[in-house]
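*Asks:* Sequence:
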Amino acid sequence: MAAKLTLPSMLNYTRSIIPSNGVFFYREGEQEQPITVYQQTVRGTIANYNNVYKNEKQDDKELAKLLDPANANIQRIDVCYLPDAVDTFYLRFSVTFAAHSLAAGACNEPEYAKALGQFAQSYKDKGGYDELAGRYLQNILNGRWLWRNRYAAEKSVTLIYEGQTLTFAMASALEEDYSALVGYSALRAAVAGALSGERGVLRLQVLASGVLGFGQEVYPSQEFVEGKKDKTLASVKVGDLRQAAMHSQKIGNAIRTIDDWHARAADYGKIAVEPYGVVAQRAEAVRLPNSKNDLYSYLKDLEGLTERVATAKAGALPAEAHYVMACLVRGGVYSGGKKEK
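To convert, note that position 301 of the sequence shown is 305 in this note's numbering; the numbers rise steadily by one, no gaps.
What the hints contain is simulated information worked out from the structure, not anything from laboratory work. The beta carbon of each residue, even a glycine, is placed where N, CA and C say it ideally should be. One or more hints might be untrue.
[To be verified] Straight-line alpha carbon distances no greater than 25 Å define the calculated SDA-like cross-link-like pairs of lysine to any residue that follow:
1) Lys254 - Ser98
2) Lys8 - Glu311
3) Lys254 - Ser13
4) Lys296 - Lys254
5) Lys296 - Ala119
6) Lys118 - Ser13
7) Lys274 - Arg139
8) Lys159 - Val83
9) Lys235 - Asp271
[Stated by the list, open to error] Each pair of labels, with its calculated beta carbon distance range:
10) Val229 - Asp181: 35 to 45 Å
11) Val282 - Glu179: 13 to 23 Å
12) Gln122 - Asn16: 15 to 25 Å
13) Glu34 - Gly219: 55 to 65 Å
14) Lys69 - Tyr155: 34 to 44 Å
15) Gly319 - Ile50: 22 to 32 Å
16) Thr100 - Gly308: 28 to 38 Å
17) Ala68 - Glu36: 22 to 32 Å
Using the sequences and the hints given, assemble the complete structure.
*Replies:* Quick look at the structure:
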C-alpha cells in the first residue's frame, strides 16, 4: 500500500480554463446593440419573515399597522429587459483552454511536486483528458452558462476557433449527447489536446442566442455591493449606457459543473468541481473529510491514486482520478498546514 503523503505548506495551480466576462446584446439588422441595465423604483409589500415574527407577542393592531399597504417597501433596483420590438437575445464570451494542470504553479516540496507530475502524466497517458474535455464541451454546447436565460426557446450556440465556425442547436436537456454532430469530435480532441499539452492553447469564441419574447426580462449576473441591499446587476460601460454582463466566474462555474462522481449524484446530479463538493443551491457539502472523498484526502493518497491510474485500462479510469484532475484544472490554492520549522 502506498504511503500517505503530507501536503506541502505551499501548493497552488493556475487555472486551465479561463473564460472572459460575457456581454448581452440584440441585433438591429446587421448592427449589434447592447442590452442595457437601468434602474427602476418598485413598491412592494412587507413579505419577509423576520420583520413580522421578530416579536411574537405583537397584538393584531400592531401587526395590522406593520402590514398596512401604506407602509410600502420602496426599493430602487436594477432591471434588464429586451426592447419592446425585440424577442431574441445574444450572449457572447471567449474561453481559453491551457495545460496548467500538468504541473503545480507553486510547490515548496520538490518530491511532492514530482509525485503530482507523475499523476498528471499517468492520467494523460491513459486518455483521461478526453473524458474531461467531453464534459466541459457538453456544458458549453448545452448552454448551462446561460443560467436563468436558458429557458429561452430556439436556442443555438456558435463556436469559432482557428478559422472554423460551428453552430449547434441547443437541446432543452442538459445531458444531451452532441457527439454525433459534425465538427464535434475534432473540437473535443482540440480541447483535450490543449488541456494535456499535446497542442498549444485553444481559444474559443462562444455565442449563444435564444428567443425570450418581445420585451421580456434578461438575467445578467448579480453584483454584491457591500452595504447595499437593493439589487445590482452586472454591467460594463458602453458610452453612457450599462451593457448587461455575465461574470466570468459564473460562466466558469457552469463549465466545470461536471462532478457526478460524488456520493449524492442520484439526488443532485452534476455539481461544480470543488475541493469539498459544495452545492451552493442546497447549502451542503457532499465531499466531507470524514468521507475521505474530498480533494485533500485524495492528495494525501496521491501515490496510491497514481498506481490505480497506471494499472487501469484506458477509458476506464477510477472516478476519483477524474475528480482530482478536474480540481487541478479548476486551479486554486491547495496547501496543507504550515510547514514545521
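*Asks:* Taking the hints in turn, state whether each one holds.
*Replies:* Comparing the hints with the structure gives:
1. A threshold of 25 Å between alpha carbons decides the hint, and for lysine 254 with serine 98 the separation of about 13 Å falls inside it, so the pair holds.
2. For the hint pairing lysine 8 with glutamate 311, the CA-to-CA distance comes to about 13 Å; that is within 25 Å, so the pair holds.
3. A distance of roughly 29 Å separates the Cα atoms of lysine 254 and serine 13; the hinted pair therefore is violated under the 25 Å criterion.
4. A distance of roughly 28 Å separates the Cα atoms of lysine 296 and lysine 254; the hinted pair therefore is violated under the 25 Å criterion.
5. For the suggested pair lysine 296 and alanine 119, the alpha carbons sit about 20 Å apart, so the restraint of at most 25 Å is met.
6. Only pairs whose Cα atoms come within 25 Å are accepted, and lysine 118 paired with serine 13 is accepted, the gap being roughly 15 Å.
7. For the given pair, lysine 274 sits about 10 Å from arginine 139 by alpha-carbon distance, which is consistent with the 25 Å threshold.
8. With a CA separation close to 23 Å, the supplied pair lysine 159 and valine 83 stays within the 25 Å bound.
9. A distance of roughly 31 Å separates the Cα atoms of lysine 235 and aspartate 271; the hinted pair therefore is violated under the 25 Å criterion.
10. Separated by about 41 Å at the C-beta atoms, valine 229 and aspartate 181 satisfy the suggested range of 35 to 45 Å.
11. At about 22 Å, the beta-carbon gap between valine 282 and glutamate 179 stays in the expected band of 13 to 23 Å.
12. Range check, glutamine 122 to asparagine 16: Cβ separation about 19 Å, and the 15 to 25 Å hint holds.
13. Take glutamate 34 and glycine 219: their Cβ atoms lie about 22 Å apart, and the range 55 to 65 Å is violated.
14. Distance hint check: the CB atoms of lysine 69 and tyrosine 155 are about 40 Å apart, consistent with the given range 34 to 44 Å.
15. Taken as a hint, the range 22 to 32 Å is violated for the pair glycine 319 and isoleucine 50, whose Cβ atoms sit roughly 58 Å apart.
16. Range check, threonine 100 to glycine 308: about 33 Å between beta-carbon atoms, so the 28 to 38 Å window is met.
17. Hint check: alanine 68 to glutamate 36, Cβ distance near 53 Å, so the stated range 22 to 32 Å is violated.
In summary, the numbered hints that this structure violates are 3, 4, 9, 13, 15, 17.
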